[in-house]
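Student: Here's the letter readout for the chains.
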Amino acid sequence: MRVSSPSLPATVARPLLGRAAVARRAEAVVIPVGALLVGFAIFSVFLLLQGKSPTEFLSLVYRAGFGTAFSWQNTLSRAAPLLLAALCVALPARLGLVVIGGEGAIVLGGVGAGAAAVMLAGTPAALALPLMLVCAMVIGAVWIGAVGALRHFRGVNETIASLLMAYIAIALMNHLVEGPLRDPASLNKPSTAPLDDALRIGNLPGWDVHWGLAFGVVCCVLAWVLIEKTTWGFAARIAGGNVRAAQVQGLPVGWLIVGFTALGGAFAGMAGFFEVAAVHGSANASLAGGYGYTGILIAFLARHNPLAIIPVAVLLAGFEASSGLVQRRMDLPDATVLVLQGFVFLAILISDTLFGRFKFFAPERWSTRDGN
Amino acid sequence: METDLGLWVIPLAIIGGAIRVSTPFLFVSLGEALTERSGRINLGLEGTLVFGAMSGYAAAYLTGSPWLGVFAAAISGAMFGLLHGLICSLPKVNDIAVGIAMMILGMGLAFYFGKPFVQPVAPNLPSIGFGWWSDVPQVRAALQVNVLFLIGAVLAVAMWWMFRSTRVGLIVRVVGDSTDAARAMGLRPALVRICATAVGGAFAGVGGAYLSLYYPGSWNEGISSGQGLMAVALVIFARWNPLACFGAALLFGGAGALGPTLQSVGVSEGYYLFFAAPYVLTLGVLIVTSSPTRAMTGAPGELSITK
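Which chain is which? The protein sequence lines are A and B, in order.
Here the first sequence is numbered in our numbering, starting from 35 and rising by one per residue.
Here the second sequence is numbered in our numbering, starting from 92 and rising by one per residue.
I should point out that these hints are in silico values taken from the structure, not numbers from a laboratory.
The reader is advised that the hints may include incorrect statements.
Calculated cross-link-like contacts (lysine to aspartate or glutamate; reagent style EDC-like; alpha-carbon spacing at most 20 Å) [stated by the list, open to error]: (1) B/K206 / B/E312; (2) A/K86 / A/D368; (3) A/K223 / B/E360; (4) A/K393 / A/E61; (5) A/K86 / A/D365; (6) B/K206 / A/D365; (7) A/K223 / A/E212; (8) B/K183 / A/D386; (9) B/K183 / B/E312; (10) B/K183 / A/E61; (11) B/K206 / A/D368.
As the structure is a prediction and not an experimental result, all values here were calculated from the model.
Pulled out of the complex, with its shape left as it was, chain B reads as follows (with noise of 0.2 Å):
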């Protein structure tokens, strides 16, 4: 049964489409967060995420499972992640420069291995139907939900407990906020900024293999569009709580739905200036959020970005 929704349409998209674009936000934000909250921050993950992206795609095209290819992306995004932490553990070198080097490193690698795999098919990631009650297709298209996103919102909620009230989120947040109270509870500052970093770096790698497992589902060199450093803006905007990353991946999501939104109901006008409606969001968000004077709430205290 067709339904004429009108301009209906318009918003349903949008929630649909925050639904499928928020996901590698939400990955990459919440390594962020991790990796943040230690006191490093890694402005690689644009690199991670594609490279990410391309060994996820590869592997599942290779074994033909898609979560082999989520679990290679996973690996590949934690060496990323490690050979950061590991760079920044030597003295006097600046982390914010080590990652724009990872991430000219991580597309150059993608670009290289990935030639091959821009013409094969994979076999995508499965996604639940969410819709089942509703009669009308654009509803039941909207809410095709996929797994990974489930993964993450959990993630997210565990995180964020991690961080309130468990051992390992204390030492993380010791470590964030003073080198050498972490020192003086007999903590090795380096080793857990590395390992924050690691798996940080292993998130954003999962965030990639959505791109190209899910939306939109193939591997090209143009499948990121900065959103590994838009997430790393978002962490900001989100205070560093894994909560506060999930919904601002959901805004993100959506600013992101907006182009192809427009697009799809006709609206060419200005049709790249949609696009670009992320990117608007993201600088007014940090603008919105910056001081010049007080240091930001719920920053870490080690955070060179901050200081």
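Excised from the complex, chain A in its bound form (with noise of 0.2 Å):
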């Protein structure tokens, strides 16, 4: 039913209704998918191009992504990680600040799990695997919460700080798998003690799929209701529109950017314990394989919504499942996918400039003819 209220001045903001309340939200949800298929032509005129077909490299993706039931599995295990790096960029997002060294804290995170496991060698499995998660998670919290802290306190650019990070990162991981931590046993490919069977995290029931996924989903869900339905989260998307506003209200800005960076960098350590406990068995130099910058791609996609980021995941992961594939039959490049990735990521950002430009996703601009 709807309400009419003729004598309202049109300058007074009604609750929209209907075809409006729907037209608002399309607005969201159309320029980014607009953008994501311009991104995909461009990338067809370069395969053109290149002589290859691009109908061809979607059937292979969609055969290898998504096509059977085991591409899926493949496809939402590779997902895993990448929601939960997503976090670790979406979240400190929501306060305007654009952190990208999320690696740095996955590949930390994943050390940390696996130094934790070989310390509590003996310990029951319902013990250490908790105390591994949250030795991971921590890490990781101080790491991109200290990129937060230097931001807030130092007026340190977050983004190259948090990027340089990951580089520190990676050669502190380096370090501690060929020295310190080292499993003698480990020749050809310098890792940490391997975990005992009891404390590697098996797959969901009756799926293919490990545990991470599910971890991951409800951290998405959990990240979700933390930004849209708490005070929290009202803080910081305030403090995100507006730092002075926010500062002039009395939020605590400062806490709200080291919460934040925090609880994102925690998420990006638990996409590193899975990746020991769940995927590789130990920590090596594999956890530094680039789930943290796919994860830049995701968050921007789903505009930085934690829900949304559900969905760019797992196509994402589609594609980066595929991409064995897609080279051996199209011989193509493995960099074929970092291609498809930047023109995407290009296509999202320019489309930002198109918010608000289509009368057609603003009910207030249309005319009252049409309107009501």
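Reassemble the complex: the two chains are provided individually, in unrelated frames, and hints are given to aid placement.
Tutor: If you want it as structure tokens, here you go:
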């Protein structure tokens, strides 16, 4: 039922109803999806110029990423760390910070989990596993929280600092797994001591996908609730919109920045824990697999909305899962996925300029004749 | 004649390393200083550097001339800068995020097209020996200075002079300090920024060509380890002053040479930690030189990272 209020002046905001409410929300979906398609169209032209077929590329991605139950399980396994890595970008982004060094927290979180497993040898798994998880999350939280603290208390640019710290984290990991934490038995690929079978995280019941996926999805939902439904999230969104206004309101901007960056880092650390406990079985250089960098693209595609991260992460995981097949069948180099990501990322950022340009999405600018 | 230099080997190798390693830092930071002086930040120079390394190597291999390789790298770098400049001229587009996307795209395209050039050997850029006065081979090795390093040094002085006392330098500085003032003077800020970003990209491309055509002197996917990004931080440290960029590039080059030097004299303990020295130094310099309250001295007023 539609409430008519003809006596109200046009400037008073009315709750949007029906078509108007849909139109307002549609803008946040239509523009990014359109940009995604445009990015893919540019990539298709790129493939055509190389004499390759975009339709073959798409059909291979579909077959290897989403075609069968097996490929879905492969895709979802890869989505798990991407969900958590994207949260590490999206949470600080709601405060207006561009943190791109989640890779560092993943790597050190994984090393922390591997080191904890060595120290906790002989402890029952029910105690050791949560301690490993906590260890990974605390390390991640400290690592990225430090970026937030440097930003707020020292004015250090968070984008550059976080990426520098990712390089430092990888150097630290190399030092630790080749030095103090090295398992002498790991000859070809220096690693920490392999985890006991009891400490290996298994799969979700009935699936060939490890528990990291469930944790990742739950974390995305929790992050969404935090941002959209709590006062902390509300305060963070205000601070992200206008720091001065938030400070005038007496909001603890510094603690919000440190808290949100630390929480993002904790999620990235959790991704490292699952990489060690569910995938690799020990901490080694495989931890620096680029999940942190793909997470940046996912967060921007999802417009830093934690719920939207879930489908976007699955989509990009499907592309990554299919890259091996695409390389073999189409004789393309492995950097093809990187090229695709670059085009899509640029298209998404360019689409930011379109917000607010279309009258179609702005009910308050509809003429009274077709609006009411 | 073999001379026993003892521990003197270490400072000598660091000085030589500083001269060798600093050139890409120098070119990228000069390019970034120009871009940032116009009020834009281009974080994508890491991608430009890698693509410059690839295109320079490929062109040098195909034509047989390393200088044509440098030219190709400059042109491709200018293209990347132009794209970044054009995209950032659209309203509501975040220049830092565009830089990250350009970094991914530049590296992706470089690795994609660079695959066939990993194996072939391209001609290297020439260097001039300034160590003729010494009999000690280590001194001679340390003072082998590449021509691009000298060009970069001249460029730093030329840019410093340009900013200080030419019309072009004044235009770039006005646009970087206040878009409104620039408009009032009848300048077109967007056009100036696009040009400054394109030229900055060309410099970064030349820095990449140095990597693949002189030191380390071959093309592979691990050719850059964040030099393009560190150079952006280095510009902040150098307070947007081209002469200070030159000094800072030497300092960072020396830090970058620390790991290989210690390894060459047999220090293997903490090998990876010494390799992290340039990153730790950059971070430390950023922490020391940033301030949460006052605007940084010398910072262009329109720059998004200092606002």
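Student: If a hint holds in the structure, say so; if it does not, say that too.
Tutor: Quick rundown of the hints versus the structure:
| no. | hint | result |
| --- | --- | --- |
| 1 | B/K206 / B/E312 | holds, 9 Å |
| 2 | A/K86 / A/D368 | holds, 15 Å |
| 3 | A/K223 / B/E360 | holds, 19 Å |
| 4 | A/K393 / A/E61 | holds, 10 Å |
| 5 | A/K86 / A/D365 | holds, 9 Å |
| 6 | B/K206 / A/D365 | holds, 12 Å |
| 7 | A/K223 / A/E212 | holds, 9 Å |
| 8 | B/K183 / A/D386 | holds, 6 Å |
| 9 | B/K183 / B/E312 | violated, 34 Å |
| 10 | B/K183 / A/E61 | holds, 16 Å |
| 11 | B/K206 / A/D368 | holds, 10 Å |
In summary, the one numbered hint that this structure violates is 9.
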